[in-house]
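When you get a sec, could you build the whole thing from the sequences and use the hints?
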Amino acid sequence: MKTMEHTDAIRMNAVERYLLDEMSEEERAIFEEHFFDCGDCMAAITAGTQLMIAGKAVAKEDGSQPVENPPEIAPGIQAGNVLPMPARKRWRWVPQAAAASLLLAFGAQIPRVVQMVRPDALRLSGMVPIAVGQIRGGPDDVSHARPGDVIYFDITPPDPQAHSYVANLNRRGKSLDEVTISLEHAMKSVPLLLGELPAGSYVLVIESVRKDGKRYPVASSVIEVGER
Amino acid sequence: MAFFTFDDHYVRRLRERDRETLEHFYAYFFALLYHMVRRKTASDDEAKDVMQDIFLRVLQELDKLREPSRLGPFVCGFAKNILREHVRMRRHESLTDAPDRPDPFNFLKELESKEMREHVRAALSRLEPREASLLKAVFLDEADRDEICLEYGVNRDYLRVLLHRAIEHLRAELAKEPKKTPRSPETFGCLSALPL
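As they're listed, the protein sequences go chains U and F. Just so we're aligned: 221 in our numbering is position 221 of the first sequence, and the numbers increase by one with no gaps anywhere. When you read off a place in the second sequence, starting at 1, and then add 228, the result is the number in our numbering.
Just so you know, these hints were derived from the structure itself, not from any lab. No experiment lies behind these values; they were computed from the predicted model shown. Some hints could be false.
Below, computed lysine-lysine pairings styled on PhoX-like, alpha-carbon distance capped at 25 Å [to be verified]:
(1) Lys364(F) <-> Lys214(U)
(2) Lys60(U) <-> Lys276(F)
(3) Lys404(F) <-> Lys342(F)
(4) Lys268(F) <-> Lys2(U)
(5) Lys364(F) <-> Lys404(F)
(6) Lys308(F) <-> Lys342(F)
(7) Lys337(F) <-> Lys60(U)
(8) Lys174(U) <-> Lys214(U)
(9) Lys276(F) <-> Lys211(U)
(10) Lys56(U) <-> Lys404(F)
(11) Lys60(U) <-> Lys268(F)
(12) Lys308(F) <-> Lys60(U)
(13) Lys56(U) <-> Lys211(U)
(14) Lys268(F) <-> Lys308(F)
(15) Lys56(U) <-> Lys364(F)
(16) Lys292(F) <-> Lys60(U)
(17) Lys337(F) <-> Lys268(F)
(18) Lys337(F) <-> Lys404(F)
(19) Lys342(F) <-> Lys364(F)
(20) Lys56(U) <-> Lys342(F)
(21) Lys56(U) <-> Lys337(F)
(22) Lys404(F) <-> Lys2(U)
(23) Lys56(U) <-> Lys292(F)
(24) Lys337(F) <-> Lys276(F)
(25) Lys364(F) <-> Lys337(F)
(26) Lys268(F) <-> Lys364(F)
(27) Lys56(U) <-> Lys268(F)
(28) Lys2(U) <-> Lys308(F)
(29) Lys404(F) <-> Lys211(U)
To be clear about the criterion: a stretch of chain U counts as covered by chain F if any three or more of its residues have a C-beta under 8 Å from a C-beta of chain F, and this derived list gives those stretches [stated by the list, open to error]:
(30) 9 to 18
(31) 39 to 46
(32) 166 to 177
(33) 204 to 213
Where a beta carbon is used, it is the ideal one built from N, C-alpha and C, also for glycine.
Take a look at the structure:
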């Protein structure tokens, strides 16, 4: 049987995937051999088991209480699920690897990859809240895209207090859709797949979400969406 | 519970069924075995039977352990074999039937204790309310995880990151507790080493 090194376990998020039952039988067997003999993984599995067992009891106890902040289900968004793209979807967040395979899978109908012009247009706004829809920057900050394009942007510099980020697409001040971006993904270029959108000018606003759930716009950029 | 380096003293005390050592042994391996066993059994009761078999078999076969430091993989090997066989027949000796022996499943109660629930609450409170709500939905296991992710507008990668953060928060919470005296391998069996 193959063996697993600790670096492999970290690289493949083995602890989380094990606890979430996301491993194949072979992976599971290899990882089990590993964590019985690895201090770090043993401690993480132990804590994860504690979390999930006690967490279940906590969830049951809290079940009768209203959720403090009910989940906002943005219409038309299924983050991470890239193909096929139903016509009603406006945009989706695409993991890096999925974006790459998407490009390959599309073959002749390959979607254009639009690197946001002037990535520095997405910059920290000094934590001064800006009205949704307010366009920061000049005309040079405009990116041009079409439905079906994958757009990339970087969140630099990041908000050190962010627990996650939200990318909100709006038009004329009206929020259309949004996707959550984990800190892990925010560290890389974030790809978004644009769905069916009427041609026109849109604003992409990146907000950091702090521990207390409050949001702070950190950057924005204009996207001119053309005809497909 | 911290990673433990098993040695001759520990294994000897285990062979002697020293209560304190048995308690440590059960507590140490319970959480490691729980997922492995539970996912292959239909109920907690069935899991309990299988885990008792595992612990019992390991204790019975300790003489076959050549390197005490390899006790972890030794237990893992037995667990896999027993799960494969899915032995359910009752043994002549039941760990819980024997008087004055700890019940391995007491540690399940410990994991659900009020104290542990408070630690978990504290760990979850360090996440966004929406994230904590998502994880609770996962813990309850009442819906397919893909459906939960869809409902919350996240993907499985995000779920893994959240779980990772929650685990780290819980470990930080547990680390705040006054540390119980660490039991180094040398402390096991040191009393028995003294001449009467």
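Consistency of the hints with the structure:
1. Lys364(F) <-> Lys214(U): Holds: Lys364(F) and Lys214(U) sit about 21 Å apart, inside 25 Å.
2. Lys60(U) <-> Lys276(F): With a Cα-Cα distance of about 22 Å, the restraint between Lys60(U) and Lys276(F) holds, given a limit of 25 Å.
3. Lys404(F) <-> Lys342(F): OK: Lys404(F) and Lys342(F) at ~17 Å, within 25 Å.
4. Lys268(F) <-> Lys2(U): Roughly 22 Å separates the two Cα atoms, so the pair holds.
5. Lys364(F) <-> Lys404(F): Between Lys364(F) and Lys404(F) the Cα gap is close to 23 Å, so the pair holds against 25 Å.
6. Lys308(F) <-> Lys342(F): violated, 32 Å
7. Lys337(F) <-> Lys60(U): holds, 16 Å
8. Lys174(U) <-> Lys214(U): Measuring from Cα to Cα gives roughly 19 Å; hence the hint holds.
9. Lys276(F) <-> Lys211(U): violated, 39 Å
10. Lys56(U) <-> Lys404(F): holds, 22 Å
11. Lys60(U) <-> Lys268(F): Answer holds: Lys60(U) to Lys268(F) is near 24 Å, not above 25 Å.
12. Lys308(F) <-> Lys60(U): Roughly 32 Å between the alpha carbons, so the hint for Lys308(F) and Lys60(U) is violated.
13. Lys56(U) <-> Lys211(U): With Cα atoms ~22 Å apart, Lys56(U) and Lys211(U) stay inside 25 Å; holds.
14. Lys268(F) <-> Lys308(F): holds, 11 Å
15. Lys56(U) <-> Lys364(F): holds, 7 Å
16. Lys292(F) <-> Lys60(U): Violated. Lys292(F) to Lys60(U) sits at ~44 Å, over the 25 Å cutoff.
17. Lys337(F) <-> Lys268(F): holds, 21 Å
18. Lys337(F) <-> Lys404(F): Within the cut-off at roughly 21 Å; holds.
19. Lys342(F) <-> Lys364(F): With a Cα-Cα distance of about 17 Å, the restraint between Lys342(F) and Lys364(F) holds, given a limit of 25 Å.
20. Lys56(U) <-> Lys342(F): holds, 12 Å
21. Lys56(U) <-> Lys337(F): Holds: Lys56(U) and Lys337(F) sit about 13 Å apart, inside 25 Å.
22. Lys404(F) <-> Lys2(U): violated, 38 Å
23. Lys56(U) <-> Lys292(F): violated, 38 Å
24. Lys337(F) <-> Lys276(F): Within the cut-off at roughly 13 Å; holds.
25. Lys364(F) <-> Lys337(F): Status holds; Cα separation ~19 Å.
26. Lys268(F) <-> Lys364(F): holds, 23 Å
27. Lys56(U) <-> Lys268(F): Holds, at about 19 Å.
28. Lys2(U) <-> Lys308(F): Given that 25 Å is the threshold and the Cα spacing comes to 16 Å, the pair holds.
29. Lys404(F) <-> Lys211(U): holds, 20 Å
30. 9 to 18: holds (count 5)
31. 39 to 46: holds (count 7)
32. 166 to 177: Result for this restraint: violated, n = 0.
33. 204 to 213: Our answer is that it holds, as 3 residues pass the Cβ test (under 8 Å) against chain F, meeting three.
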